[in-house]
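Chains as they are written, first to last, in this note's numbering: chain A, 1 to 636; chain B, 1001 to 1317.
Hints should not be assumed to be uniformly reliable.
What the hints assert, rightly or not - Once the Cα atoms are required to be at most 25 Å apart in a straight line, the calculated DMTMM-like pairs of lysine to aspartate or glutamate come out as:
hint, chain 1, residue 1, chain 2, residue 2
1, A, Lys89, A, Glu41
2, A, Lys177, B, Glu1304
3, B, Lys1047, A, Asp569
4, B, Lys1194, A, Glu273
5, A, Lys228, B, Asp1097
6, A, Lys158, B, Asp1082
7, A, Lys177, A, Glu140
8, A, Lys325, A, Glu273
The hints are simulated quantities; they were obtained by calculation from the structure and are not laboratory data.
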Amino acid sequence: MVPNRLNIQHRLYYAYIKHLWLTNRNDEAMERLSKLCDVVELIRSCERDLQNESLRVACWLKLGDWKLSISPSFLSNETQSDVLSCYRKAAVNVWEAYDFKTTHYNPSAVKTSNDYRALHSWALINFRLSQQGICGANYEHVIAAVQGFVRAISLGTKRWSASVQQDMLNLLTCLFKYGHHPGVHRVINEGLEMVTLECWLGCTPQLLARIHIQTPNIRSTLHTLLIKLGAKHPQALMYPLSVLLKSTVVERKVAAESLMNSLKAHSNALVEEALLVSGELIRVAILWLELWHEGLEEASRLYFGDGNVSSMLDVLLPLHEQLEKGPSTRREVDFCESFGRDLSEAHNYIRQYMRLATFNGGVIPTQGGFVGQGAHDVQLSRRHNAEADQALHDAWDKYYIVFRRINKQIPGLTTLELSQVSPSLQNVHKLELGVPGTYRVDGSYVKIERFNPIVQVITSKQRPRKIVLLGSDGKDYVFLLKGHEDLRQDERVMQLFGLVNALLARDRRTNNYDLNIQRYVITPLSHHVGLVGWVPHTETIHSHIRDYRESKKIVLNMENREIMKMAPDYEFLTVLQKVEVFETALERAENQGRDLYDILFLKSLDSEEWLERRTNYTMSTAVMSMVGYILGLGDR
Amino acid sequence: MSYSKIFDTANRHPSNLMLHSISGRILHIDFGDCFEVAMHREKFPEKVPFRLTRMLINAMEVSGVEGSYRSTCERTMGVLRDNKDSLVTMLEAFVHDPLFSWRLLNQDAGSAAKKSPQRKDSSENDRPFTRNSSSSDLLSSAIDEENEEDVDQGNDGEKTVNTGEQKIRRNSSRPSHRRRSQSLSVTMGSHAAKSLEIYSNIQSLAANLTTSTRIASITMGSTAKQNVIDGSIAGKSVKREMHTFLDEKEMEAKEVLNEKALKVIQRVNDKLSGTDFPGPDGELLPVDVTEQVELLINQATSSEHLCQLFIGWCAFW
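Between the sequences and the hints, there should be enough to build the whole structure, so can you do that?
Below you can see the structure in the form of structure tokens.
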């Protein structure tokens, strides 16, 4: 199609106006643009020309952008409606051009990035306005926002993946916040038809976090969506759902169970495998030995430290319960043989205590239980209290013996054999279940072939395990199985890094430098156990420095020694004094803090390699500095 | 590859940074502390926006931070600021998520303590997950007591049961314990005294087992006690309790949370608009990317901030 002359002139004029804006002649540009908008609008009423259409979208979009940018806080009603109407004109245009319900888009229409942007901007401004509503939300805006978001999402291309993700999250906010409103509910349900299921894969953590929501409208929308997602991508939901099944919050657990049941209808084997694997991995992550060690320590703190007997029982009783169910692995049998008798005696004392303490309507104290003051002054209950206390003390005598023995055994955990700790994991072969973190949007994934029978225990504070999975592609997948840690927050941070990487890869300023944040797989298995992808060839800065200093015969804490030499009472100095001591100590330090420099230099084979590493080091440090700052990342 | 120490988290700050031996890239691990929780804790608040110590700078080009570090910072910050909307949306979803919002409460130690007297213990402390007293005399006595031993011990000497026994004696003579035992023994019989002994023994045994000897080796013991307090795993369950506590009294806590969440998001917004550094009169005028990066680098490298950090952070590295 040959563009007519008028259109070319208009485009030229449009470019000129943009130039005016960029050379800071904002008022003039604005005035001319709003006139141009009127002109293209006029042309449209005479003839429908596709070239003109796209220009029209561009003009209105730009006008809206500019109006918004000169009033950063668009609180005044005038600007609000002004900006809104600009964006609306742009959006309505696109809306008409694409027939969203039947096909993806009208084939004769030219798909430009402005189309996406128009819908995105319009939805976003509506969303913002709805958020601003002082008393209650303005549902008109919410509805418009939802309609805009779903259409924008369906138009979004890879280039816009970062803002599509933003649209998805905003759409979810609309759902969770205003989904109870019947109008919003209807529009959302209509809209969900337009959004491809794959888009939701990136937001599964957010979806599943609200699984327990009670409002009927929202719940039905959310659960329908999840069931659909589960039908098409069962693999993607396996690990997260198995975490939810272990939730302590009843509503969440129930909701997860009902979802799991719907999944069982079509992929029963998969569900069974997922439950088996995640359950067994948790068993391997924290052995009974460690479970009791941790439990007794916690219980002793609650009882002796806080005098809170009731909380203490909350910790101990589930452990006893589990013990009474009997051992199921070789290790657990060993545990029962060594500690079973003592623990069951202790359990008897505890039972006795509970009986005595609740006798005559007494309550188990949540405070001051340690001191043993009863709530009643009656002679009878006092006698009972004394007996109850005696029982509790007897129980603790037993617990203490057990604890001391466990404490001695724990350092001896260095390797575990699956046959000892989890025969079922050793026996599984050729699973349908995917290796954590290998699932792709296109539905491809690597299946678990089997588990390596030897699990190494890393001798650090929390004794994480290094576990190797053999994938169906013949590769080894190494994970760190961590107990005692809630990895769900780390999982979200990785999601954020994904967004940042997408932004860095898209932007002209950064895409040439290969700036991205190294990510790794994080798969929570329960609220305190999870798998972390093993990144090969990495060591902590700390261990690099330690190795270096050892080889150079430099004391590891050299700088700190200097500080302590000068000021043994460093902690109590004033800030100025600290600065002085700190700086002098650094001055005196033997190699002037060139450890890392040397490490990079010495470990490189040639200068080229060294230069490349140094550049990578510098740039990745820079990127993480900025991202970490925005996130408010501490502890490093 | 000696991975044995890699994932020894908590309080071992240079251990949350990893270096890829082949590409030379830096890899961060452990993201438990977000939204400036560490900067707002009462004790040893982190005063720097990110780690940029002498050793890290020395490993860069001859000109240090001038050059590709600074220019990459500026480019990255520019991109982040231009995409403020997307980032804020994601962080908002994060902050308002029912799974995480409770973590923010840890920042607000004061008000949380008022709300739930039972949790006073955990919320009054410097770090969200610590227990026991955080009084400075405890720490100072820790420094006094442990300095000599750990200095002499030097490096990776495995702590034997023997030192464990010594610790028990120390622990029971720790000021706070002594106070407690005195006050308690007035009201209690011999049972209580024995219980107390069991308690301090259990706690110190556990702490001994879980404390890494290497921390002591770097920091000469002054943090070892900190770790005895922080270190034991059971302390972490306070987190879990907090969680369930919120689920129970969600409505009550909701208001506080919302307020906190708004503050957190406002702060992120400020950072991404360049209004994060108040001017001399306290007003917030947006600064451009170059200036923002300059201010951040200054803040991160200032000795005044570095020297005040918790010693286990290893500001001297």
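Restraint status (C-alpha distance of Lys1194 of chain B to Glu273 of chain A at most 25 Å): violated (49 Å)
Lys177 of chain A paired with Glu1304 of chain B [C-alpha distance capped at 25 Å]: Violated: Lys177 of chain A and Glu1304 of chain B sit about 45 Å apart, past 25 Å.
field: Hinted pair Lys158 of chain A and Asp1082 of chain B, Cα distance within 25 Å
entry: holds (18 Å)
query: CA of Lys177 of chain A to CA of Glu140 of chain A, is that 25 Å or under?
result: holds (14 Å)
message: Lys228 of chain A and Asp1097 of chain B were given as a pair; does the straight-line alpha-carbon distance stay at or below 25 Å?
response: Roughly 23 Å separates the two Cα atoms, so the pair holds.
message: Given the hinted pair Lys89 of chain A and Glu41 of chain A, is their Cα-Cα distance within 25 Å?
response: holds (10 Å)
query: Straight-line Cα separation of Lys325 of chain A and Glu273 of chain A no greater than 25 Å?
result: holds (22 Å)
- prompt: Is the Cα-Cα distance between Lys1047 of chain B and Asp569 of chain A 25 Å or less?
  reply: holds (21 Å)
Checked against the numbered hints given earlier, the structure breaks hints 2 and 4 and satisfies all the rest.
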